[in-house]
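J.: For reference, the chains in residue letters:
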Amino acid sequence: MRLNNLLSQKKAAITKKWFALVIKTYPSETAKFLKSQKDPFANPVGRTIYRELEALFAELLKGIDYETITSSLDPIIRIRAVQNFSPSQATGFIFFLKNVIRESLHKEILEEQIINELLLFESKIDELSLIAFNLYMQCREKIYELKANEMKNRTFRAFERAGLVSEIPEVEPDLKPIINIKEASNDS
Amino acid sequence: MSDPTPEELLLGIDPKPPQTGWMDTPVEIKKGIYCYASNPKSVEYVGLPYPRQWNPIEEDWNLPENWKEIIYKGFRERLDRFRSIKVFMDICVRCGACADKCHFFIGSGDPKNMPVLRAELLRSVYRNDFTAAGKILGFFGKNFKKIGGARELTLDVLKEWWYYLFQCSECRRCSVFCPYGIDTAEITIMGRELLNLIGLNIDWIATPAANCYRTGNHLGIQPHAYKDMLDFFADDIEDITGIRVDPSFNRKGAEILFITPSGDVFADPGTFTCMGYMMLFHFLQEKYGFDITWSTYASEGGNFGFFTSHETMKRLNTKMYAEAKRLGVKWILGGECGHMWRVIHQYMDTNGPPDFLEEPVSPITGTKFENARSTKMVHITEFMADLIKHGKLDLDPTRNDHLKVTYHDSCNTSRGMGLLEEPRYILKSVCNNFYEMPANCIREQTFCCGSGSGLNAGENMELRMQGGLPRANAVKYVHEKHDVNMLSCICAIDRAALLTSMEYWVPEVDVTGLTELVANALILPGEKERETDLRSEPLPGMEGDDAE
Ligand code: SF4
Ligand code: SF4
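These protein sequence lines map, in sequence, to chains F and H. Using the numbering used here, you'd call the opening residue of the first sequence number 1 and step up by one each time. Using the numbering used here, you'd call the opening residue of the second sequence number 189 and step up by one each time.
Treat the hints as calculated values from the structure; they're not laboratory data. All C-beta atoms in this analysis are idealised placements derived from N, C-alpha and C, irrespective of residue type, glycine included. Hints may be right or wrong, so weigh each one.
[Stated by the list, open to error] Think about it this way: if two alpha-carbon atoms lie no more than 30 angstroms apart in a straight line, the pair counts; the simulated DSSO-like pairs of lysine-lysine are:
no.	chain 1	residue 1	chain 2	residue 2
1	H	Lys-218	F	Lys-35
2	H	Lys-580	H	Lys-616
3	H	Lys-669	F	Lys-38
4	H	Lys-218	F	Lys-142
5	H	Lys-229	F	Lys-152
6	F	Lys-124	F	Lys-62
7	F	Lys-17	F	Lys-32
8	H	Lys-507	H	Lys-415
9	F	Lys-147	H	Lys-300
[What the hints assert, rightly or not] Part of the chain F face toward chain H, derived, beta carbon under 7 angstroms:
no.	residue
10	Glu-29
11	Thr-30
12	Phe-33
13	Phe-41
14	Val-82
15	Gln-83
16	Ile-143
17	Leu-146
18	Lys-147
19	Ala-162
Please put together the full structure from these sequences, using the hints given.
T.: Okay, structure coming up:
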C-alpha cells in the first residue's frame, strides 16, 4: 500500500490540481470566479465541485463504496448535466485525476510496486466514470421527465381532482362499428 | 511524455470553451436554454406588431425589412422617455460588482449571463449609435470602436439580444450590489420591449398575455370553470373541517374585491393556498362580518404584459381596476403573487390613479394601510399579519408540526416592494418549526426561483435548472442541517417553478404558499377535529390506527 500512503500525503495538492483542471472546462472569466469565491452560497458550482472532489478522492483511497461515491458524484454530475456540456465533457473530468496522479508521482512511478498499485488505482477511477455515466443519464432522464410532465402534473391534476376532466366512461360503448371492421378485414 | 493527456483527449472530442472576448464570441442558440417563439395568433390578439411564424434556431427570422430602423427609432424614443435608461446606459463604470450576482451566471457559468455583460449587449449599440464618442470612434474604424466598447447592430447582435434578454428573470438581484444602483432588470425590460417591436417575443409570455386579455387569466379558463373549481375546493374544505364555506362571485356592492393569480385556482400546489384564502375569508365573515367577493372576470393577478411592453402591462393591469369599479368595492385585497405586486407597487402611480377607490382600511382592526394609499390594493400577508398582531385569528400552530419550513423571498415582493417582515411574522405565528436560509440568499439578497419573468416554460428546462441552482443549493443546506421539508413562498410563479426545481435539486422538499399554512392552523368556528392538513395528509398524531 505504498501508493496509498504517497497519495494520502499529497491529498491536498492532488485535489487542488484536479479541481483546477475541472474548472478549466468553463470559460476563462467563469473559471476565475469559480475558483476565487469561497462562499458556498454565492458560488454553489465551484464550492460543490471542490467539496465533492475532495470527498471522492478520499473515498478512492479507502476503497470504493458505491453509496458514498454516488452521494459525492451526484451533486457534481447534477450540475454539469444542465450546463453547457456534451455528455463526455460533463462526466469526463473524472479521468483528469489519472493525469494529476501520474504527474505528481512522476519520480516514484518507475518503481515496480508503485506501477502495479497505480494500475489498480486507475481501474478504480474507471469504475468511477461508469458510475458517473449512470448518474448523468439519470439526471438527463429527469430533465426530460420534467419537460414532459410539468404542466400535466400541476394543472391537469388540479382539474382532475376537481372532477372537471371528462374521463373515458367505465361502461364499454357500443362496439358494433368495430366488430364490423373486424369482419370486413376477416373477409378480405 | 508525448502521449496525450486525458484532458487533451477529451478536448479533442469536444470543442473547448470559448477563450475569445465576449464581443467576438458569436451567439449559439442552444436547446434547453431558449424558449419557443410566440404564436402569431397571440401576438396579433393583443395588437402587437409583426405577428408571424419564426423559429429561433433557423437562420432567417423573417424580420421586417426595416427592422434596424424600427429598433433605432424605438431605442431613441425610450432614451428620451425613460431617464433611468439613459442614465443606466451612461454611468456603468464596469466595476464588476454585479458580475457574479446573477443566478443565471452562477448556475450556467456562461459569462454573458453576468449582468454587466447583459447590459453591455444594449450598451455597446448605444455607444455606437447614440453617443458622440461612438460616432467619433467609428470614424477611426471598427477596431477603435471595439476598444471603446461600441459595436454595430447586426443580425448576430440582435440574436444575441434575444437569447440573453430571455435569460434574465428581471429579478433585480444585481442592482442590490451596484454602487450606482444600475438596475439591469430595467434594461432587460426595455430590451424586450424593443424586441417586441419587431415581433420577437416568446410564446410562454405571448399566449398567457393574450389569454389574460381575452378571458381574464393566463390559462384562458372561462368564468364557469373558475367557479366550478372554487366549488370543488369548498367540498374539500368541508371534508377536512366539516364546515361549508360559501364564497361569493362578482357581487356588486361588496366592500372588498379579492384578486389572486390564476395559478392559485388552477394549479397545484397553489390550489391549497386558494383553499386557505377561502377558509380565512369564511372565518372572518363568521366572526367579524367580513365582506369580500371574488371575480370570475378579473381572474388573474399575474401580468405577463409586464414582460412584453409597458403598454400591454398597463392594459392587463387596468382590467383589475375596471372590475373593482364595476363592482363598486372600496379597495382590493391581493393574493400571493410576485410580479402582480411589482406592477402595482412600481407602476400604479403612472397607470392610475384609481381614485374611484378608497384608501384601504381593515374593517376588522381599523388599520389604515397607508402604504397602499395610491394603489388601493393590499397584500394578503400585510392584511393577515395585521390580523394576527391584533389577535384576531384563532390559531393552532401545532397543526403544522409535521412541517419544517423555510421561506423563500420572492424577488418581486422582497426587492420589488420591501415585504420582508410580514411573511416571517405570519410564519412564526402559524408554525413551530421555521428555519431561515443563510443570510446572503434571503431578504433583499434573495435568489430568484430561476423561472421568473415568463421563463417558466418547459422547453428551457436546463436554463431554469441553472438559474434555480443558487436557491435550491440554500434549500438543500437547510434540509440537510435542520431537516427542512417544506419551502414556503408568496408567489404563484414560485410555487410552480420551485416545485420543479426541488424535484431536480432537492426532491425531499415540497412547496407551499403561506396562506395554506395559515389555514392549516386556523380554527374555524364550529369545525370538527381535523385529522388531515389541506393536502389530506394526516396530521401528527392522527395517522390512524393502522399507523401503529
Ligand atoms: S455594478 Fe453597476 S457600475 Fe459596476 S459593472 Fe455592474 S452595472 Fe456597472
Ligand atoms: S435582473 Fe436578475 S436575472 Fe437579470 S441580470 Fe440581474 S441578477 Fe440576472
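J.: Against this structure, judge whether each hint is valid.
T.: Taking the hints in turn, this is what the structure says about them:
For the hint pairing H/Lys-218 with F/Lys-35, the CA-to-CA distance comes to about 26 angstroms; that is within 30 angstroms, so the pair holds. Simply put, H/Lys-580 and H/Lys-616 have alpha-carbon atoms about 16 angstroms apart, close enough for the 30 angstroms limit, and the pair holds. Taking the CA atoms of H/Lys-669 and F/Lys-38, the gap is near 20 angstroms; set against the 30 angstroms cutoff, the hint holds. For the suggested pair H/Lys-218 and F/Lys-142, the alpha carbons sit about 19 angstroms apart, so the restraint of at most 30 angstroms is met.
Proposed proximity of H/Lys-229 and F/Lys-152 is supported: the alpha carbons are some 24 angstroms apart, at most 30 angstroms. With a C-alpha separation of about 11 angstroms, the suggested pairing of F/Lys-124 with F/Lys-62 holds against the 30 angstroms cut-off. Straight-line distance between C-alpha atoms of F/Lys-17 and F/Lys-32 comes to about 15 angstroms, which keeps the hinted pair within the 30 angstroms bound. This hinted pair checks out: H/Lys-507 and H/Lys-415 have alpha carbons roughly 19 angstroms apart, not beyond 30 angstroms.
Distance restraint check for F/Lys-147 and H/Lys-300: the Cα-Cα separation of roughly 25 angstroms lies within the 30 angstroms cut-off, and the hinted pair is therefore satisfied. With a cut of 7 angstroms, the hint placing F/Glu-29 at the interface with chain H holds, because the nearest CB-to-CB distance is about 4 angstroms. About 4 angstroms separates the beta-carbon of F/Thr-30 from the nearest beta-carbon of chain H, less than 7 angstroms, and the hint is met. The beta carbon of F/Phe-33 is positioned within 7 angstroms of a beta carbon in chain H (closest approach about 5 angstroms), and the interface hint is therefore held.
At its closest, the beta carbon of F/Phe-41 sits 5 angstroms from a beta carbon of chain H; the interface hint therefore holds under the 7 angstroms criterion. For F/Val-82, the interface hint holds, since its Cβ comes within 7 angstroms of a Cβ in chain H; the closest pair sits about 4 angstroms apart. The beta carbon of F/Gln-83 is positioned within 7 angstroms of a beta carbon in chain H (closest approach about 6 angstroms), and the interface hint is therefore held. Interface restraint check: F/Ile-143 against chain H, minimum CB-CB distance 5 angstroms, threshold 7 angstroms, status holds.
A least Cβ separation of about 5 angstroms between F/Leu-146 and chain H falls short of the 7 angstroms threshold, and the interface hint therefore holds. The closest approach between the C-beta of F/Lys-147 and any C-beta of chain H is roughly 5 angstroms, which is under the 7 angstroms cut-off, so the hint is satisfied. Satisfaction of the interface hint for F/Ala-162 is found here, the shortest Cβ-Cβ separation to chain H being roughly 4 angstroms, below the 7 angstroms cut-off.
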